[in-house]
Each structure stands twice: as structure tokens, then as C-alpha cells.
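Below are the chains, spelled out letter by letter.
There are 2 protein chains.
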Amino acid sequence: MKEDIISAMRAIAGEASVLTDPHDVAPHMIDWRKRHSGTAACVVFPRSTEQVSALLAYCNEHRVKVFPQGGNTSVCGGSVPDHDGNSVLVNLAKLNRIREVNAPNNSITVEAGCILADIQSAALDADRLFPLSLGAEGSCQIGGNLSTNAGGTNVVRFGNARDLVLGLEVVLADGRIWNGLRTLRKNNSGYDLKNLFIGAEGTLGIVTAASLKLYPKPSARATAMLAFDDVKDAVSQGLSLQGQFPGELVGLELISRSEFEISLKHAAKTRNPFEATPEWIVLVELAASSGTSEALTERLTDYLRDAFEEGVVRDAVVAANEQQRADLWKIRHSVTESNVREGMGLTHDIAVPTYRIPDFIGQASEALKQHYPDATPVVVGHMGDGNLHYIAMFSHDYWAAVDDKQKTQLELSHVLYDIAAAMGGTFSAEHGIGALHVPEMAKYKDAVEIELMQSIKRLFDPLDTMNPRRVVPN
Amino acid sequence: MKEDIISAMRAIAGEASVLTDPHDVAPHMIDWRKRHSGTAACVVFPRSTEQVSALLAYCNEHRVKVFPQGGNTSVCGGSVPDHDGNSVLVNLAKLNRIREVNAPNNSITVEAGCILADIQSAALDADRLFPLSLGAEGSCQIGGNLSTNAGGTNVVRFGNARDLVLGLEVVLADGRIWNGLRTLRKNNSGYDLKNLFIGAEGTLGIVTAASLKLYPKPSARATAMLAFDDVKDAVSQGLSLQGQFPGELVGLELISRSEFEISLKHAAKTRNPFEATPEWIVLVELAASSGTSEALTERLTDYLRDAFEEGVVRDAVVAANEQQRADLWKIRHSVTESNVREGMGLTHDIAVPTYRIPDFIGQASEALKQHYPDATPVVVGHMGDGNLHYIAMFSHDYWAAVDDKQKTQLELSHVLYDIAAAMGGTFSAEHGIGALHVPEMAKYKDAVEIELMQSIKRLFDPLDTMNPRRVVPN
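These protein sequence lines are chains A and B, in that order.
Numbered according to our numbering, the first sequence spans residues 1 to 474.
Numbered according to our numbering, the second sequence spans residues 1 to 474.
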């Protein structure tokens, strides 16, 4: 069986595009945090939509499971195969042409394997902005970003990945190609199919290309870091900033003192911009396509001066130049790697209605204190979207001694998810479901919604070959 | 059969909520332009989601066709029943509570029958903006707006109706209720179901409530009307304005000289703000949530002064106060009623990539001149979205003498749709499909896309009772 699959893949994609050597295959079989792994008959790198079509048609006909993979940056085990072994891992890295940059139309058409940072660069070269921006942008692929409806730091102004898509090209489970690549701003001719595939994590088909929105390149930026004694003040100030600068506020990040200290401790070339370490930190960025950074910074400074006089903001650091701006963002961008060095962080990607953030943080801290006194609450999040990465941080030594790690992790998570759910929140805001969160789907989602998802899955993938046992619970 | 249906509806919704008298029923059986009509056993006004559920369950069990209706403002025959007669027309007007206005969360939850203008008012009362705005806003219902993914004049900044939805409540064909009402900005837990129902025109279920995004209420506006000799200049200036004011440009409307003159001729209290009548007119509006209208108007005026000196803009009128602003918009908002008075206007709701607008207008005018020399091209459109209402205007006398009106209309339309399609455009940008455009679906859409739509329709409505023969071709 395995040899047949490998031969078929070689016939379709060419000898050089099929990896079987255990050493070559290994990095594709485990996620970057080393928490999820699997095996497959081979790793295939298709170079055209037609090759994707041919290989899916083969796998469908022969009931071979297909696991799609982009930059393998999933934190939910969504980008590695299961342990079946007789499956095909399809990596889209070689399907990576930028098909068109259309500056007058503010659109770009790219193949699934394009690295996010390369798309951002291509946009900038055309004097445009592609606003999707997230930690893994140097290695994640746009196909994965769209398949997980990625979020990141610009969502407060430009929306999630979903909101940036004008059209898609998708290969269906049986190999049919849907060419839905369009660059129109309005098109009300029939059901909206693209949004079914966006966020479906490859369980309904493989996204092979996308037409995406571009925006004017900002000519001006203003960046500030604000200090607060209390998370309530931080959030009310953030909401007020959203009200004042709705067209210009492109970043609004919340950081707890614990996270701030971890980042400063482990990340090279970071320094505390405040005299005293604040309890809560908010990173604000404005951007505009006309006027100067000086003028925009002055408007932000005027606003902050008033807020400071009202006594809500304890302290504020406004970036005076590009280096200072980079230094402030460095603290934010260093949290993931710093957390890994600090200890064992059990991360939760929750969202609640924005104004409920202080309630969530209060109740979650209380619950940790009561049930997991050895955990330190560490918070970093996209405040403007109500999206918190709420981390229960244990020391490496403590965690090493925990008996049933999986059970502990699941129980702790469900304590936090229950709190979010009671506020109309979610257990997965921007990271998706993958293999990790399928049990939460069954526990927290509406029964009718699960039924509809199951029936859509059966409709698009009746033989269950596409990324099986991901996203939709049985 | 008919009597059974009426009895069942009375048992579910109450005597007073079921109309059968021909006089009462009549206005619901014909569209406002008097171009589409049908019959039904009765008109039902459910007052709760549970009543919608019960009536759909009954109709599904007894194979009774259901035609949903909102404000009956469709221009595509999407809001009136067919001629079967043994069907039920469900009007959502009495399901019209505003369930929650949540200003801190920038969200509002409304029932399907709420009038769009009432939602706008409720938002303003909470110091917020609900940006969906269109000609029929005084009578159209939000359920219809969402079911057709309505567009309008604010799309350039805030997107289509689809982009304003956080969550939906939907009753499925068999009566199951999907409670997908959420107010989260991020939620990546499973397939995106809401976008399937948005724009499905009631063929997959009936939207009974929605959670919608609110925005800060603008404190400042700047409005100007610009005159151009050539549509190329008008579009290049429009694209430039989008680049300069991406967060503030909320309206960018294109009007041809012919449309401008028709509006001035027929609409009361309109006057030409220019000394000479321009060939092409662009209406621009900026809005901001901080600063004053005076300051914003000054920025727009500075920009226009430069454009004028470059020789692209022939003339410009900047509104100095709210009355002048209303006067400029009055010309734009009067086009629909004025066109009806002027003659028989065959309207086409096309979209092309924005920068192709001049090409489309050039080719379309040429085609009309050649094949329909008695038609005057009349153009009004949402330039920022590439969406043109391209109208072939005939005199009433000429049209009365046309032999096969339906054939003439269809042939003329397809000449224009062919031109749009060759540019990657669409035959339906913001008005939807209804009964009118089903033949165009079959002609212009990708075969795989039609197959997918058909299979989704079968999945959600296997007995084909929900708004049958709308949207999806057989």
C-alpha cells in the first residue's frame, strides 16, 4: 500500500517533489513546539494546482488520508499528520508564485505556499499594505493563514484573514478545481463559498490560491506604550482610543506585568521604557496614509496628555522615532520565545466581548489561585478584538513532576474555557481547532451547529480523506 | 389543501397574524416596481423565533413552499412568491425587537423585521454608528438586507452587509433553530456558517435575528461634489482619494451627466451646484470620530485645491454646512424615483475591478450606440466598490411600442453582462439574484461553483420548500 502511494505521488508530482527518507521527512512530522507528531507514507510538494488536483483525485479514489501543511506553525496540532502512516502529507511550499500584484485595484493574487512576509513585501514594493501580521510571518504560508482564518496584531483595524480575501481557488476532495479567484469588492451572485473554506483547516478541500485585498501604504505612524495600575483602566482607555481613532488605530495590545517581565528577562535587546514596572501595559499604534508621523504622534500625545491628567493613565512612553517604535514592539513580539524559556506555559487563546476582559481576567486569576496555586497568570492579547492569550505559567521543575500532564492541562483549560463561555466567549479565537481542540468543539458548541458542520463535512468530503479528525467532532 | 395550510398557520401564529383577504394580501404579492408578482395561500406574520420554527416545520412536513419577505424592496423579484398559490408568504415585520444595544462592545442584536433606519437610530441613540445605508432604508428590513448581502453608499469604508455581521440566529428548513448569535470579534471554532446564510436570500433557512457591528459615531464630516470632463479622470481621482483618506472616505459616488440632469429635472428641491453641467460628477464624503467638520473640510479642500491645480478636477463644490451637504446628497438619493419618471430604465447592477470602470463605460456606451441607438446611457454607481448601476434609458413612448419586451431586455442585458464578465466582473453586485437573475447564474457562473451551490441547497433544503427556484439554477 505504502509503496503504491509513493509511486503514485512520484508519477504526479515528479521524483524530486516526493520525500520519503526518514531524515528528510522528520521535520514535517512534528510541530515546532514538539507537542504533536505523526507519520505519513511521504511528503509531497506539488508545484501546480493541477498537481494538487491529481493527487487529491488519487487519494480520494484509493481512500488515502491527506494532511495539508503550510509553514507548520500551528499551535493546535493542525499541521502534522496522525499516526496512520499510510497517509500523504501535502506541503504547499513549492506552490508559491505571486500571480499578480494589481496596485490600481488594491489586490494581489498569490498561491497557497507564499510566505506571509513575502506577500507583505510584494505589497510594499507596489506602494501598498497587506495588513495581515503575526509572529510567525517569516515562515507561515498564506494557505495556512487562510485555512485557519489567522488573526494577529492588525485585526482591530483590518479584520481577520477572512476579511482580507476577495476570492479563492480550491481543490476539492475529489480533485475538482473551483476557480473562485476574483478581485471584486461586490459580488452578490450566489452562495458565499469562499468563507466555508476559510477557517476549515483543509478539511473541506485544499486552498491553492487567493486574491487578497491591499490597502494604501501608511505614510505616518505613531506608537506609544501606556502604563496602568488596573486592567479595568487599561481596557476603558483602550475602548476610548478605539472611539477616537477608528480609522487609524491599527494596534492595541494588552500585556500583564508578569508577561512584560518575562519578555524583558529573556529577550535580547529589550529594555523597560518605564521608570517603575507597571501592573498592566497597553501598546498602541496609529497609522495614516496622509500627513506625517510627527503630526500623528502629536495628535496621539495630545490625547494621552488629557488621559494622563484625568488620572487613568499612570505613565506613557511615546516613540519619537523608528528605533524607539521598534524597541517598544520588540517587547511584544518577544513574548512567545521568552515564555518557552521561562517555563511550561499552558496557553489559552480565548476571546470574550471586549468590555468583559477585566471580568475574565479577575475570575480566571481567582480560579488559578484556588485550584492551581503554583501557576502564575501571564496575559498578552489583542485587546481591541477581545482576544487574550491567557497563560498558566509553571516552572519547568514543577511541570516535570506533574503526574498526568494531559489530564492536568485539560482540566485547567476547561476551568478557563467555562469562564469565557459564560461570558459569550470562545475557547479558540485565532489559533483554530486542529487536532487539539476537537474535544472542546463537542463540549462548548451548540448542538445544531455541530450537526450542520458534520453534514457539510460529509457533503464536501464523503470519504473523510481530507485532514480527518480535525475541526469537526464525530 | 389551501384551507389546511391557513388553519395550521392560524394555530401557530394566531388568527390576527394570518392574512387571507385578497385586499390585505395584495400588496405582499407584487414588488414595488410592479414587475414581479405571485400568489400564496396566506401571508403570515410570526412574532417569535419559535413561531418561525413551528411554521417551517409544518411546511417542511407538508411540502408547502415558503416565501420569506422583508420590506418587499427587492428589485430582482426576490421578495414575492411564485404562482403556485398553495404556498405561504412569511413576512418578518412583526419579529422586530431590538434585543440589545451594547455600546461598550460596539454591538447591537436585532430581530429580522427591524427596519434598517430604526437600527441606525438605535445606534445613534447609543452614540454609535450602524453604517449600512441605502435608498430603501426607511422601509427595508435587516433580515432582507442580510439575506441579500446589501451594499449601499458606505461600502467603500465599512464593507457590505456581510462585513457587519458578528452572529446570526437562523431557522432551518425543518424548523431547527441555530443560535449563532455572538458578539465576538474573533472566533475560530469551526466552519463559518453565518456567511452561508448571508446572501442566500432565504433559500437555506430564514434569518430571524442578527448581532451586528457598531462603529464610533462620526463627529466630523466633509462633503464635496467634483466635476470632470472625462470618466477616466473621475476614476483616477477617486482612486487617489481612497489612497489619501482610507480611514475617512465613507462615500465615493459616480454620476453621469445624463443621470445628474434627470435627477435635477424630476426631484423637488434639487439645484445644480455647478455653473456649467459637468460630463461626470463624483460625490465624496469623509467622516471622522475626532476633530471638527471644519478641520476635516479644510483637509479635503487642501487636497482638492492641489487636484484642481493639476488640472484633473474641472470644478469642485465643498459643502460649507449641513444644509449644503444634504443638498448635494439629495441629488444622489433622488436618482431612483427620478429615473422612474423619466422613462423606462433597464437597470444593470454590475461590478468590475474599480480601475476598469472607464473601460466598461466606454465599451458599454459603444455597444448601446450600435445595437440600441434609442437608449440613453445613464450611470450612477458606488465607484469605490467598482459597482455601477448602468441604465439603458428608453422613453416611455418608445418602450410602449417594443414588441417582445422581455426578449429585448434580456438581450440588452447580456450584451452588458458579457462586457463586465470579460473584465472579471459580475452581473449582480449588490442587488442579488431573486427570481430575475437565475438564468444569468447558469450562463455566467463557473460550473463547479454551480454544482457546489446545488449540493448545498440540497443539503439544507432537501425538499426544496425554501424560496424555491430562487438563486440556484436547476
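Hints were generated in silico from the structure; no laboratory data involved.
You may find that some hints are simply not true.
What the hints assert, rightly or not - List time: in silico EDC-like cross-link candidates among lysine to aspartate or glutamate, alpha-carbon distance up to 16 Å:
{"#": "1", "chain 1": "A", "residue 1": "LYS2", "chain 2": "A", "residue 2": "ASP21"}
{"#": "2", "chain 1": "B", "residue 1": "LYS445", "chain 2": "A", "residue 2": "ASP192"}
{"#": "3", "chain 1": "B", "residue 1": "LYS232", "chain 2": "B", "residue 2": "GLU279"}
{"#": "4", "chain 1": "A", "residue 1": "LYS369", "chain 2": "A", "residue 2": "GLU411"}
{"#": "5", "chain 1": "A", "residue 1": "LYS445", "chain 2": "B", "residue 2": "ASP192"}
{"#": "6", "chain 1": "A", "residue 1": "LYS445", "chain 2": "A", "residue 2": "ASP418"}
To be verified - Short derived list, chain B residues pointing at chain A, Cβ under 10 Å:
{"#": "7", "residue": "ASN105"}
{"#": "8", "residue": "GLN242"}
{"#": "9", "residue": "VAL352"}
{"#": "10", "residue": "ASN387"}
{"#": "11", "residue": "PRO439"}
{"#": "12", "residue": "LEU452"}
Backbone N, C-alpha and C fix where the C-beta goes; we use that ideal spot for every residue, glycine too.
For each hint, the structure was consulted:
{"no.": "1", "hint": "LYS2(A) / ASP21(A)", "verdict": "holds (13 Å)"}
{"no.": "2", "hint": "LYS445(B) / ASP192(A)", "verdict": "holds (13 Å)"}
{"no.": "3", "hint": "LYS232(B) / GLU279(B)", "verdict": "holds (11 Å)"}
{"no.": "4", "hint": "LYS369(A) / GLU411(A)", "verdict": "holds (15 Å)"}
{"no.": "5", "hint": "LYS445(A) / ASP192(B)", "verdict": "holds (13 Å)"}
{"no.": "6", "hint": "LYS445(A) / ASP418(A)", "verdict": "holds (12 Å)"}
{"no.": "7", "hint": "ASN105", "verdict": "holds (4 Å)"}
{"no.": "8", "hint": "GLN242", "verdict": "holds (7 Å)"}
{"no.": "9", "hint": "VAL352", "verdict": "holds (7 Å)"}
{"no.": "10", "hint": "ASN387", "verdict": "holds (5 Å)"}
{"no.": "11", "hint": "PRO439", "verdict": "violated (12 Å)"}
{"no.": "12", "hint": "LEU452", "verdict": "holds (6 Å)"}
Consistency note: the structure conflicts with earlier hint 11 alone.
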